[in-house]
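From first to last, the protein sequence lines are chains A and B. Throughout the first sequence, residue numbering follows the working numbering, covering 1 to 373 in sequence. Throughout the second sequence, residue numbering follows the working numbering, covering 1001 to 1252 in sequence.
Treat the hints loosely; a few may be bogus.
[Said to hold, decoys possible] DSSO-like mimics (lysine-lysine), calculated; alpha carbons at most 27 Å apart, straight line:
{"no.": "1", "chain 1": "A", "residue 1": "Lys110", "chain 2": "B", "residue 2": "Lys1150"}
{"no.": "2", "chain 1": "A", "residue 1": "Lys28", "chain 2": "B", "residue 2": "Lys1012"}
{"no.": "3", "chain 1": "A", "residue 1": "Lys20", "chain 2": "A", "residue 2": "Lys109"}
{"no.": "4", "chain 1": "B", "residue 1": "Lys1012", "chain 2": "B", "residue 2": "Lys1150"}
{"no.": "5", "chain 1": "B", "residue 1": "Lys1068", "chain 2": "A", "residue 2": "Lys28"}
{"no.": "6", "chain 1": "A", "residue 1": "Lys28", "chain 2": "A", "residue 2": "Lys42"}
{"no.": "7", "chain 1": "A", "residue 1": "Lys28", "chain 2": "B", "residue 2": "Lys1223"}
{"no.": "8", "chain 1": "B", "residue 1": "Lys1222", "chain 2": "A", "residue 2": "Lys28"}
{"no.": "9", "chain 1": "A", "residue 1": "Lys99", "chain 2": "B", "residue 2": "Lys1150"}
{"no.": "10", "chain 1": "B", "residue 1": "Lys1033", "chain 2": "A", "residue 2": "Lys90"}
{"no.": "11", "chain 1": "A", "residue 1": "Lys163", "chain 2": "A", "residue 2": "Lys151"}
{"no.": "12", "chain 1": "B", "residue 1": "Lys1085", "chain 2": "A", "residue 2": "Lys90"}
{"no.": "13", "chain 1": "B", "residue 1": "Lys1068", "chain 2": "B", "residue 2": "Lys1052"}
{"no.": "14", "chain 1": "A", "residue 1": "Lys90", "chain 2": "B", "residue 2": "Lys1210"}
{"no.": "15", "chain 1": "B", "residue 1": "Lys1052", "chain 2": "B", "residue 2": "Lys1150"}
{"no.": "16", "chain 1": "B", "residue 1": "Lys1150", "chain 2": "A", "residue 2": "Lys109"}
{"no.": "17", "chain 1": "A", "residue 1": "Lys89", "chain 2": "A", "residue 2": "Lys11"}
{"no.": "18", "chain 1": "A", "residue 1": "Lys89", "chain 2": "B", "residue 2": "Lys1080"}
{"no.": "19", "chain 1": "B", "residue 1": "Lys1033", "chain 2": "A", "residue 2": "Lys28"}
{"no.": "20", "chain 1": "A", "residue 1": "Lys89", "chain 2": "B", "residue 2": "Lys1222"}
Calculated directly from the structure, the hints in this document are not laboratory data.
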Amino acid sequence: MAESSLQITSKPSSEGLEIKLEGALGLKNAEASLQELTSLAKDAGAIALDLSGITYLDGQGIAVLIELRARCAASKTGFSIISQSEVAKKMLGLVAQEKILSPLPPARKKESFFEQLGGATIDLYEDLKEIVRFVGECSIMIWQALLHPSKIRWRSVWTNLEKTGVDALPIVCMIQFMIGVILSVLGKSVLGMYGATAFIPDLVAIALAQELGPLITAVVLAGRSGASFAAEIGTMQVSEEIDALRSMGFEPGHFLVLPKIIAAGIAMPCLLIIGNVVAIIGSIIMCELTTDITLPAYLKEVYRAVNFNMFTEGLVKAFFFAILIAGVSCMRGMQVRGGAESVGRYTTAAVVSGIFITILTDSLFTILFHPPF
Amino acid sequence: METENRTIFEVKDLSIGYGSRVVMERLNFTVRKGEIFVICGGSGCGKSTLLKHLFGLYTPISGDILFKGKSLVNAGEEEKAEMLKDMGVMFQGGALFGSDTLLENVMLPMQEYTDFSPELMERSARYKLALFNLSGFEHFLPSEISGGMKKRAALSRAMALDPEVLFFDEPSAGLDPRSSATLDDTILQLNASLGTTIIIVTHELDSIFKVAQRVLFLDVDKKTMTALDSPEKLREDKSNETVWNFFNRTPF
């Protein structure tokens, strides 16, 4: 704005101080003017503002006057406006100052430690209940889908399969390759101490088939597809698309969640098998370079070490991990309420819950497949 | 010199669009300081796109936009930020930041661009909210208030720095008739008391006749502007058929 500066002149009057403001009071000089006026008002018993010389006054200028009035009220200094120009009158008439004069009530009350702890405990309990409920719901949904496979939206399954499976292949392969390399290096240094380098293939193959393969693929799935499922469904929730589905009589679970779960359930074992092969290739390359294990010896050892049960155990685990991760991520998406911030929060929650539930199921499976008692 | 002072925006031979797809071309007009300028036209003609070009969100395909005589299109980062301080925008859906309260939303531009003390900032933000009848809702989150209130809060935020130019993208969309009439009054009041230049994108005829001083009409078929005049004149002028049909609500 073409603001000229503000002239502040004061002269003592019978009650206190008469302050005359001339010129423009606005954004550019608001803070400085407020400071000057405050210091003038500090020692006066009362101030009377003469605004007849005001040529420009904007919202910030009004804010200055109101803040000054509030400060005067706090220090029991009298405050009055004795004269105002047309501009000032127009602007001051826009809003009743009383609305802004009273101190703002404090924002929300801050909760004490115990309140927070209690709240968090209840949230956790509700959350677990929700997960159990959702897992149950998904199981029924899957069961019904198995009974009537024609009702599944296969086209959506297909696109999701591409997104969770094919598109994840490069990253899964890269990670698994490096895991293969790392395991071989580790194997060489530990097994080498006992002169058992020849067992590196056993270590790598068994660890990958039974434990590491499913686990690592699950983590990638949770981070990639889990996050994307939650964000996708969450955004749909925010933009009322889920409500629109319901209004058309579609069950969002069947329409959105089921195809994702099926796609993840199919994609994950495939990713596991391919990933494990790539990991073995990584390990073979490492062994070729650093040990005297030859390729035929390596393969023979793998063949001897891994039996059918181990292989199936890995696949079964992978399948269940995938279903749970997809299900929980979709559930988090459904929980979104409000706006963008909520989508972010639940996407994070989706990844965390996905990984947590993977580890939890893994330990249950380990006990199941290898009963310790 | 006189005309230069009175012109706030000058659009020269502007072509706008997405990628290589031209939405509007050969746009030439000026916006005068202190006027209420309405951009209208049928759905999908590029009204909002043009508006977003005016406050520098999009880069045009060709042509130039001068803001107070300086090119907005060719301005550097800092120069542009300086220009943007003089502009306030109210987006169609409000675009309030969901994780901040209304007060924080309005205070944000002040925190970035002014030297205000926290007390003054708070007072000023509360004043801006009170202007639009939002006193008492300072600590509410955008998700906790109604659509009309969101619009008003968005307007408060657009007003945060008392800009010289205010842009409104479909202000009355989704508002009930009384709220929308109130908004029209507010627009007139802002214009009258602060001299704020107001540029509005809308196709609400009632609103156009109430507030607009000049109306720019964009023709979706001809891909350019076909009229620029006061709404009353456009309604009477039968020489331009599309415009006449629009202002007289003739069905297709």
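Hint check:
1. A:Lys110 x B:Lys1150: holds, 26 Å
2. A:Lys28 x B:Lys1012: Violated. A:Lys28 to B:Lys1012 sits at ~31 Å, over the 27 Å cutoff.
3. A:Lys20 x A:Lys109: The given pair, whose Cα atoms are some 42 Å apart, is violated under the 27 Å limit.
4. B:Lys1012 x B:Lys1150: Violated: B:Lys1012 and B:Lys1150 sit about 35 Å apart, past 27 Å.
5. B:Lys1068 x A:Lys28: The hint holds at about 19 Å.
6. A:Lys28 x A:Lys42: Distance of about 23 Å is within 27 Å: holds.
7. A:Lys28 x B:Lys1223: Given pair A:Lys28, B:Lys1223 is violated - Cα atoms ~42 Å apart, limit 27 Å.
8. B:Lys1222 x A:Lys28: violated, 45 Å
9. A:Lys99 x B:Lys1150: holds, 20 Å
10. B:Lys1033 x A:Lys90: holds, 20 Å
11. A:Lys163 x A:Lys151: Satisfied, since the Cα-Cα distance of roughly 22 Å is no more than 27 Å.
12. B:Lys1085 x A:Lys90: holds, 24 Å
13. B:Lys1068 x B:Lys1052: holds, 17 Å
14. A:Lys90 x B:Lys1210: holds, 21 Å
15. B:Lys1052 x B:Lys1150: holds, 20 Å
16. B:Lys1150 x A:Lys109: holds, 24 Å
17. A:Lys89 x A:Lys11: holds, 23 Å
18. A:Lys89 x B:Lys1080: violated, 34 Å
19. B:Lys1033 x A:Lys28: holds, 20 Å
20. A:Lys89 x B:Lys1222: violated, 48 Å
Hint compliance for this structure: hints 2, 3, 4, 7, 8, 18 and 20 are broken, all remaining hints hold.
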